[in-house]
Structure formats: structure tokens, C-alpha cells
Amino acid sequence: MSLLEIEGLRARYGRVEVLHAVDLRVEEGSIVALLGANGAGKSTLLRAICRAVDTSGSCRFAGMDLDGRSTATVARLGIGHVPEGRGTFTDFSVEENLRIGAISRTSFRSRSAVQTDLDLIYETFPVLREFRRRPAAALSGGQAQMLAVARALLARPRLLLVDEPSLGLAPLTARDLFERLSGLRDAWELTILLAEQNAKLSLAIADRAVLLSRGRVVHDGPSGDLATVDAIHADYLGGGAGR
Amino acid sequence: MIEFLQIGLDGLMTGVVYAALALALGVVFQGTGMLNLSQGELAVVAAYIAWSCVQAGIPIWPAIAIAVVASAALGTALYQGVVRFVPPHREDSLMTLGVTLLLGLNAIISIIWGTDPRGFPSPFGTWVVHLAGLRLTSQQIGGVVLVAATMLVMALLFTRTTFGLRLRAVAQNPRSAAFLGLRSGLWLSAGWAAACAVGAVAGVVAAPTLGLSPAMMTVPLLMALAAANLGGIGSRVGVVVGGLIIGVLTAIGGRYIPGLGGDLNVVFAFAIVIAVVLVKPAGLFGRESVVRA
Chain A
20 MSLLEIEGLR
30 ARYGRVEVLH
40 AVDLRVEEGS
50 IVALLGANGA
60 GKSTLLRAIC
70 RAVDTSGSCR
80 FAGMDLDGRS
90 TATVARLGIG
100 HVPEGRGTFT
110 DFSVEENLRI
120 GAISRTSFRS
130 RSAVQTDLDL
140 IYETFPVLRE
150 FRRRPAAALS
160 GGQAQMLAVA
170 RALLARPRLL
180 LVDEPSLGLA
190 PLTARDLFER
200 LSGLRDAWEL
210 TILLAEQNAK
220 LSLAIADRAV
230 LLSRGRVVHD
240 GPSGDLATVD
250 AIHADYLGGG
260 AGR
Chain B
271 MIEFLQIGLD
281 GLMTGVVYAA
291 LALALGVVFQ
301 GTGMLNLSQG
311 ELAVVAAYIA
321 WSCVQAGIPI
331 WPAIAIAVVA
341 SAALGTALYQ
351 GVVRFVPPHR
361 EDSLMTLGVT
371 LLLGLNAIIS
381 IIWGTDPRGF
391 PSPFGTWVVH
401 LAGLRLTSQQ
411 IGGVVLVAAT
421 MLVMALLFTR
431 TTFGLRLRAV
441 AQNPRSAAFL
451 GLRSGLWLSA
461 GWAAACAVGA
471 VAGVVAAPTL
481 GLSPAMMTVP
491 LLMALAAANL
501 GGIGSRVGVV
511 VGGLIIGVLT
521 AIGGRYIPGL
531 GGDLNVVFAF
541 AIVIAVVLVK
551 PAGLFGRESV
561 VRA
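Line order of the protein sequences matches chains A and B. When we follow our numbering, the leftmost residue of the first sequence carries the number 20, and every step to the right adds one. When we follow our numbering, the leftmost residue of the second sequence carries the number 271, and every step to the right adds one.
It is possible that some hints are incorrect.
Ranges of calculated distance between the beta carbons of each label pair, as one might list FRET restraints [what the hints assert, rightly or not]: (1) B/R445 with A/D86: 18 to 24 Å; (2) A/D86 with B/L373: 39 to 45 Å; (3) A/E26 with B/F355: 42 to 48 Å; (4) A/E142 with B/L456: 33 to 39 Å; (5) A/S131 with B/L422: 27 to 33 Å; (6) B/L426 with A/R235: 49 to 55 Å; (7) B/F355 with A/M83: 25 to 31 Å; (8) A/S89 with B/L422: 31 to 37 Å; (9) B/G327 with A/S89: 45 to 51 Å; (10) A/A157 with B/G529: 57 to 63 Å; (11) B/A425 with A/S159: 26 to 32 Å; (12) B/G351 with A/R130: 45 to 51 Å; (13) A/S159 with B/V415: 43 to 49 Å.
Under 8 Å between C-beta atoms, here's a sample of chain A residues computed to sit facing chain B [to be verified]: (14) H100; (15) D110; (16) I122; (17) S123.
Keep in mind that the hints were calculated from the coordinates and are not lab data. In this text, a Cβ means the ideal position worked out from N, Cα and C, and glycines have one as well.
Go ahead and model the full structure; you've got the sequences and the hints to work with.
Shown next as C-alpha cells:
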């Protein structure tokens with residue numbers, strides 16, 4: 020059984036259907052890159068998994084049917100979402116942002132576990148420790164993206180959805196972030212579904228790649244494969260392969 | 271000079287009521303994007319509930335406690351029953367809803383309790399303190415202490431507890447909060463409950479001075495709106511400071527500027543607000559929003 024099993028998933032904004040019967044499987048412990056041009060439906064697919072848009076079709080996580088569940092419930096089941104644009108609480112301090120990430124697991128027993136995880140985060144991202152009392156609005160783009168990822172990790176998700184993390188980052192910062200994501204997968208025993216326009220960065224860390232075009236899956240295979248198919252689908256990638 | 275100080279001091283005492291009401295407005299506005307114009311009427315309901323309890327033989331302090339709890343419950347009911355069905359970006363619908371609740375609650379109050387003004391006992395006794403030529407009544411001192419204590423509790427609640435952290439998160443970015451497992455509906459109704467509890471305190475503090483009547487909080491609500499604008503509605507410190515400034519300046523203006531005084535003071539309050547927002551559009555303590563969609 021795969022950790023995430025999606026069959027015939029459709030998603031709409033109002034009357035406009037954006038995803039058309041998407042099938043997708045994500046194996047536990049893997050990193051799957053979700054590639055495609057702007058408007059291909061990558062973000063919508065992540066939001067559909069989180070029940071943040073109108074959806075139909077089947078979506079099963081760890082054997083549980085997500086149909087009819089709220090976004091908050093899906094999060095509590097173990098799906099973390101780092102949204103496009105990061106969605107950090109800009110008025111909150113960095114540490115408040117991190118603590119609220121763990122908010123759904125603060126029973127008395129988990130309190131020390133949360134503290135341990137927080138220390139681990141500070142070890143991994145020393146810059147967050149340095150700025151922990153500062154408002155999140157004061158962080159640079161790369162730091163804010165780290166914060167968004169770290170905040171999601173503190174909920175101890177089994178599946179992490181990361182939406183367009185390279186957006187607005189300098190190339191070196193983006194590369195650094197992707198290398199960190201790969202390391203986090205092992206350290207936090209994660210499965211990662213990564214929606215990204217930047218194919219090169221994504222393929223470097225992904226086990227599998229799925230190519231979306233206009234709301235449909237047009238390719239699904241080991242990430243090595245796509246390096247060759249890449250040229251064919253260059254138009255879908257918005258020139259991303261060479262970026 | 272003594273007279274000037276006395277008027278300023280009296281203004282400050284009135285200002286705490288505006289401050290409490292403005293705080294309630296701010297908490298609701300941040301959470302649901304709604305300027306709750308019925309916040310004043312909700313405070314009046316609280317005062318009437320306390321009054322009815324006293325009439326039924328319940329001592330004043332337990333009566334006030336009952337009123338505060340009942341107000342919190344009423345706030346939750348209003349959010350769950352009505353407000354949550356209006357999307358936060360529909361400012362027009364929210365404005366209409368605010369006016370509807372204002373007039374509706376006012377009518378209900380009049381039906382239940384009548385329109386005759388009623389005396390409301392001061393929970394603080396009737397003694398007077400004279401200090402350096404200034405005169406302070408027990409109602410003034412007690413009112414300030416009670417409102418200050420309420421605000422302290424709210425400040426601790428918002429900044430020191432996970433309850434407050436959840437409330438603020440849902441208020442600032444409901445979608446991100448949902449991705450973290452927070453049920454926004456639950457926490458927004460908790461925000462309404464907290465706001466209505468603070469409003470209830472404003473109501474019972476204002477009632478002994480203003481006299482209990484359905485229209486008791488009309489002017490204080492307008493003053494609180496001015497206070498929220500002045501201080502910056504997104505800042506809990508700002509709305510409180512705004513309330514105190516409005517209280518002091520309208521008291522002084524009413525005494526020394528010919529033609530002001532009485533209800534025209536509301537106009538003066540908004541003139542102050544306009545002068546300030548010309549220089550600082552988000553209010554004295556407000557920050558321009560930097561939230562990304």
C-alpha cells in the first residue's frame with residue numbers, strides 16, 4: 020500500500036475544473052517531484068489533497084479516505100502543507116510560528132517531545148534560533164521559507180506537501196533549501212510531495228517525477244527518466260529544465 | 271489648572287469604557303473582518319442581564335459574573351448562528367449584518383426590559399477620594415481598576431497562552447491555520463466570546479454613570495470606533511490607548527471649545543481621528559498589512 024493513493028481526482032475553482040481525473044501514488048519515504056508550468060495544476064493538486072478546494076474522486080492517505088474531511092482534520096491525520104507564498108504568520112515571532120506548528124500535538128505527554136523537536140529545528144536552522152524573538156516579517160525570503168518548512172515539521176507529519184519553495188529565492192539559496200529538504204526526509208522520516216517549476220533542482224533530490232500539464236498527468240516515472248524526456252516536455256516546464 | 275486636570279481625569283475615566291469597547295471591536299475585526307456595530311448593544315444586554323440578576327436578589331458581583339459569562343455565550347451563538355455564513359471579504363454584507371444586529375438587539379432589549387431608564391447600582395460603593403484638590407469617585411476608581419484588570423487578563427490570554435496563540439493565528443491567516451490543524455470556526459467563535467466578555471465589562475462599568483437604557487452605549491460605541499481608528503484596529507495596545515486619548519480629549523474639548531459638549535463631542539472625536547489618519551493611515555499603533563495571500 021502506498022502512503023498516498025489518488026485516483027480520478029478532480030478539483031474545481033467555482034465552475035472551472037482545474038484537475039481532470041488525476042491518478043497518483045506516493046510511496047512511503049520517497050520524494051516525488053510534481054513538475055509542470057504555471058497553471059498546470061500543481062498547487063491545486065496539493066490543495067485538493069488538503070481539502071482546501073472543491074474536489075471529487077478518491078484520495079486515500081495511509082489507508083484512510085480523506086473524502087468529507089476538513090482541512091484541519093487532514094492536517095491532524097499527518098499531512099503537513101508548506102503553502103505557496105509560505106503562509107507564515109508575519110506578525111508572530113519566529114518562535115511563535117514554530118510553536119503554532121506543533122499546536123495540534125500539545126498534550127501533556129508530547130510537551131517534551133515538542134521541545135526536543137524545536138531544539139532539533141534550531142540545530143538544523145541556526146538562523147531561526149538567532150532570530151527566534153524577531154517578527155517573522157523581518158526574515159529574508161530564504162529564511163522565511165525555512166521557517167515555513169520548519170513550522171510544518173513541528174507537527175510531525177508523515178507526508179509533507181511543499182508548494183513551489185524556490186519561488187522568489189536566489190539560485191544559491193534555492194539549491195541550499197533543496198539539499199536541506201533531502202536531508203530532512205531522512206532525519207524526520209518524511210515522505211515529500213514537492214510541487215516545483217524548477218525541474219533541475221527537483222530532479223536532483225526526487226526519487227520519482229510526475230509531470231502535470233493542464234490538469235492532467237502526462238508523465239510518471241523514476242526521476243532519472245525525466246532527464247531524457249525533459250527536452251520533449253520543455254514547453255510544459257516553462258523552460259525550467261535549464262533554469 | 272485644577273479644573274483642567276479634573277476634567278482630564280474624568281475624561282480618562284470615561285475613556286476606559288471606550289477602550290474596553292474598542293478592544294472588543296478590534297478582537298472581532300481581526301478575526302472575522304467584521305466591524306461589529308452591535309458591540310455596544312451586546313454590552314447593554316450584559317448590563318441588563320446583571321440588572322435583572324440584582325432584581326432577582328443576586329448580589330452585584332455574582333450578577334456581573336453571570337452577565338460576563340452569558341455575554342460570552344451570546345457572542346459564540348451569534349458567530350456560529352449568523353456571522354460565519356458571511357465570507358470575510360464581503361465587507362458590504364458584514365456591514366449590513368452589523369447594522370442589522372445593532373437594530374435587532376436594540377429592539378429585543380426594548381421588548382424585554384422596556385425603554386424607561388433604570389438606575390444601575392455601582393458595584394464599587396459611593397465613596398469619594400479627594401487628592402491634591404482633585405475629586406475621584408469610587409465608581410471611577412473601581413471602573414478603571416476593573417477594566418484595567420480585564421485588559422491585563424486579555425493581554426496575558428493573547429500573548430502567554432496557546433489559547434491566544436490559536437486565536438491570533440486563525441485571525442491572521444485562516445488558511446495557514448487550517449493547514450496546521452486549527453479549526454478556524456471554533457477559534458473564531460472563541461474570539462467572539464472573548465470580545466463579548468470584554469464588552470460586558472464595559473457595559474457594567476458604564477451603566478451606573480450613564481443610566482441603564484437601550485440606547486446607553488450608542489455614543490460610547492461611536493467613541494470606541496473613533497478610538498479603534500485612532501489607535502489602529504489591529505493593535506490591542508493601540509485601541510486601548512486610542513480609547514483613553516479620545517476620552518481625555520473629548521472631555522477637555524467639550525469643556526473648553528464653545529459649541530462642543532454633549533453629543534456633538536462625537537464629531538470632535540472623529541475630527542481628531544481624521545487629523546491623525548492623514549499622517550498615519552493605519553492609526554497610531556497600526557501597521558500596514560504585510561500579509562501575503
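Here is how each hint holds up against the structure:
1. B/R445 with A/D86: 18 to 24 Å: holds (20 Å)
2. A/D86 with B/L373: 39 to 45 Å: With Cβ atoms ~43 Å apart, the hint holds.
3. A/E26 with B/F355: 42 to 48 Å: This hint is violated: roughly 33 Å between Cβ atoms.
4. A/E142 with B/L456: 33 to 39 Å: holds (34 Å)
5. A/S131 with B/L422: 27 to 33 Å: holds (30 Å)
6. B/L426 with A/R235: 49 to 55 Å: Holds: the Cβ-Cβ distance is about 53 Å, inside 49 to 55 Å.
7. B/F355 with A/M83: 25 to 31 Å: Once the Cβ atoms are compared, 30 Å apart, the range 25 to 31 Å for A/M83 and B/F355 holds.
8. A/S89 with B/L422: 31 to 37 Å: holds (35 Å)
9. B/G327 with A/S89: 45 to 51 Å: holds (46 Å)
10. A/A157 with B/G529: 57 to 63 Å: violated (48 Å)
11. B/A425 with A/S159: 26 to 32 Å: Cβ of B/A425 to Cβ of A/S159: about 31 Å, so the range 26 to 32 Å holds.
12. B/G351 with A/R130: 45 to 51 Å: violated (36 Å)
13. A/S159 with B/V415: 43 to 49 Å: holds (46 Å)
14. H100: holds (4 Å)
15. D110: holds (6 Å)
16. I122: Hint holds; A/I122 Cβ to chain B Cβ min 6 Å, cut 8 Å.
17. S123: This interface hint holds because 3 Å falls under the 8 Å limit.
Of the numbered hints given earlier, the model fails hints 3, 10, 12; all others are met.
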